[in-house]
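> With these hints in hand, go ahead and build the complete structure from the sequences.
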Amino acid sequence: MSKLLPILPDNINRRYIDEIVRCLEDGGLIIYPTDTVYALGCDAMNNPAIERICAIKEMKSAKTNLSIICDDISEVAQYAKFDNVQFRMMKANLPGPFTFIFPALSKLPKAFKGRRTVGIRIPDNAIARAIVEALGRPILTTSVPGPDEDHRTEPGLMAERFDAQVDIVVDAGRGSLIPSTVVDCTGDEPEITRQGRGQLIV
Numbered sequence: 001m002s003k004l005l006p007i008l009p010d011n012i013n014r015r016y017i018d019e020i021v022r023c024l025e026d027g028g029l030i031i032y033p034t035d036t037v038y039a040l041g042c043d044a045m046n047n048p049a050i051e052r053i054c055a056i057k058e059m060k061s062a063k064t065n066l067s068i069i070c071d072d073i074s075e076v077a078q079y080a081k082f083d084n085v086q087f088r089m090m091k092a093n094l095p096g097p098f099t100f101i102f103p104a105l106s107k108l109p110k111a112f113k114g115r116r117t118v119g120i121r122i123p124d125n126a127i128a129r130a131i132v133e134a135l136g137r138p139i140l141t142t143s144v145p146g147p148d149e150d151h152r153t154e155p156g157l158m159a160e161r162f163d164a165q166v167d168i169v170v171d172a173g174r175g176s177l178i179p180s181t182v183v184d185c186t187g188d189e190p191e192i193t194r195q196g197r198g199q200l201i202v
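In this note's numbering, the protein residues as written are 1 to 202.
Read the hints as simulated data drawn from the structure, not as lab findings.
Any given hint could turn out to be false.
The list that follows gives simulated cross-link-like pairs (lysine to aspartate or glutamate, DMTMM-like), each with its CA atoms no further than 20 Å apart [as the list claims (entries may be wrong)]: (1) Lys57 <-> Glu154; (2) Lys113 <-> Glu58; (3) Lys91 <-> Glu75.
So this is what it looks like as structure tokens:
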């Protein structure tokens, strides 16, 4: 079974964070909490790991939007193109339960090629951000699939279901089913394409 690491947001075990980072650096996959749902993740700069996640989610990698979690807005600027108005919108809403869709920059790995956009997240979750900060670069993020509510919210069940596919499952307690609010920032005005948790400040 995938290794379960119990980590609470208000008492983060740095040794566990270091173990997760080593796993990601070795091309491993993790399941971890965000401020919305539990997510599948890998090093966003590791192309084979991204392809493995696309296979788990049955995503056509050239046709599906991919999202990354960044440590802060200055890191976002390395991977996405945005203007001053969009910068202020991100600053007003992040960290928070939002995915902002921006034009992608070429620094992203081959799995992103053919896509013109990238989803950007800076979740209000201390565990997710501690992982990204310790890794020193973004992690890919996509919601954990499952046949029912329990398999998408209970870490123990996720560890069983993805035993042969995921290396580490972070157990931060039962998760949520409410996804992030997706904001498309590729047009003249921001457009909410999925209303989830959180109310956008524009």
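> Take the hints in turn and mark each one as holding or not.
Hint check results:
1. Lys57 <-> Glu154: Holds, because 18 Å separates the two Cα atoms, which is no more than 20 Å.
2. Lys113 <-> Glu58: Cα-Cα ~18 Å, so holds.
3. Lys91 <-> Glu75: The given pair, whose Cα atoms are some 13 Å apart, holds under the 20 Å limit.
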